[in-house]
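Colleague: Here is what each chain is made of, one letter per residue.
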Amino acid sequence: MWTVSTYVLKKKLSGNKRYPLVLMLEPLFRCSLACAGCGKVQYPPHILKKQLTPAECFAAVDECGAPMVSIPGGEPLLHPQIVEIVNGLVARKKYVYLCTNALELKRRLPEFTPSKYLTFSVHLDGLREHHDFAVCREGTYDIAVAGIQEAVKRGFRVTTNATFFDGTDPNNVRAFFDEVMGMGVEGIVLSPGYSYDKAPDQNRFMGRARVRRLFRAILSNRKPSWKFNMSPLFLEFLMGDRKYDCIPWGMPAYNIFGWQKPCYLLQEGYADSYKELLETTDWSAYGVPSGNPKCANCMVSCGYEAPAVIDGFGTLKGFWGMVRGTFSLYKDQHAQKLLNEYSASGAAPLVQIDEPVHSLEETNV
Amino acid sequence: MTAEVLKYTLEQVEALELAPGAQHEKLEGWVPTLATDEDLKQALEKALDYRGDVTLTLKSGERIEAFVFNRKSGATLADSFVYYFTPAASEKRKVSYAEIARMEFSGKDRAAGKHWEDWVKAYNEKKAAGEKIALMPEALE
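Sequences listed follow chains A and B, in order. Mapping of the first sequence onto my numbering: residues 1 to 365, in sequence order. Mapping of the second sequence onto my numbering: residues 1 to 141, in sequence order.
Be a bit skeptical, because a hint or two may be false.
Unchecked claim - Taking beta-carbon pairs under 7 Å as the criterion, some of the chain B residues facing chain A (in silico):
hint, residue
1, Glu14
2, Arg51
3, Asn70
4, Ala78
5, Phe81
6, Glu104
7, Met136
Note that these hints are calculated values from the structure, not bench results. All C-beta atoms in this analysis are idealised placements derived from N, C-alpha and C, irrespective of residue type, glycine included.
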């Protein structure tokens, strides 16, 4: 927290308006799962076999200067030099979030060294049946949980990360939070799904009104045991309590193709450097105010958590909101009513194709 | 509202219940007619979004099977470049728009035909039969 707050304040004092907070470093696209809805791994085999070298990873991190590095993919643990990459980033005092489906985690853990700079962010989309259904393979939940437990036992920092799509039952998600916190993880990371252009299906994605309604139902009336590894202000944004404009340069993506334009989600070209990305992207063409349909459903952290963090550490009002949000349980009768509506409608434990429409107001703004 | 909408108002965006998403053309096997500069530019834009390899035939006669991932546009075709990876080479390569004589969407569309509904149907069937089910990544060789 101290590192990020001083970083934001330094950038603010220097008058720098566009800077990265988290580098989304994708060292490869290859994955050990074949999730039906995934929009990240739809490439020919020769592309899936390519990977960034450690030197390329370090050059990208050094150039952009972000204090945090998230390593998604693909599955990073399939990269033969992932340990070297992680160690190099930790040596640079970068806070590393290695995002993994954890199929290989337990086996690979002895190769890593616990550090305050290293967190394993394990993909878990829900309770056992829901998770296995979401990632299209039975048994993955149990393997991932075994990996989490071993990592916690060995002293590693561990969070879980979940993506929620249309049809998600908030009651089920809340039960999932109870179970995850019982595993000893530091916190939970969550996100609404985004309609990746390259995803096979394009009809599973919530619009902003539905996202706000779902997350308001999930995140209001919290239990004290729940911890979130995200900005409280970003969670309030998801719940409809705050409005932010997307700042795609705040969490830029770098992969085998280069610096992705304009963001982690859209692929509208690549730049050879972060500097070139900043200078050659027409930022006015993206985000909600632009009217760009490709940005219409997006409330994803790679665009909206950076402004929440900057608000939290860059303004007194934002800082107070962050402090308040950290300790609030977000009591909300309307949200409780929405949860009850889901229960009464007999919502299925798994994401379904068609689900009842819940009509409660979805925003407090 | 549909995916054909070119621009949303703020009110429309905030009221969206479902996101329309992209509509993918069936491009596998397509050989675009490149009669004009605009034809070429449009075909290359489609190649950028394509989830498989394309074959570029250059005016020199050379054929390049490649995954096209980027383009940088200049004032003319000669100073506009398309960037690609080939199965055989490890490094990125580029070729000028002006050198391209023919294109074919020759590689398999890696996402076509994979539908969430198919997975749900298979899952329910296997569950009813008391069997386990798993989707596995395609072999890379």
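Colleague: Confirm or reject each hint.
Modeller: Status of the hints after comparison with the structure:
Look at Glu14 of chain B: its Cβ gets to within about 6 Å of chain A, closer than 7 Å, so that hint holds up. Proximity of Arg51 of chain B to chain A holds as hinted, the smallest CB-CB distance being about 4 Å (cut-off 7 Å). Restraint check, Asn70 of chain B versus chain A: the minimum CB separation of about 4 Å is within 7 Å; hint holds. A cut of 7 Å between beta carbons decides the hint on Ala78 of chain B: the least distance to chain A is about 19 Å, and the hint is violated.
Here the hint on Phe81 of chain B is broken, as its CB sits about 12 Å from the closest CB of chain A, past 7 Å. Evaluation of the Glu104 of chain B hint against chain A yields a violated restraint, the C-beta minimum of about 15 Å exceeding 7 Å. The criterion of a C-beta within 7 Å of any C-beta in chain A is met by Met136 of chain B, whose closest approach is roughly 6 Å, and the hint holds.
Hint compliance for this structure: hints 4, 5 and 6 are not met, and every other hint is.
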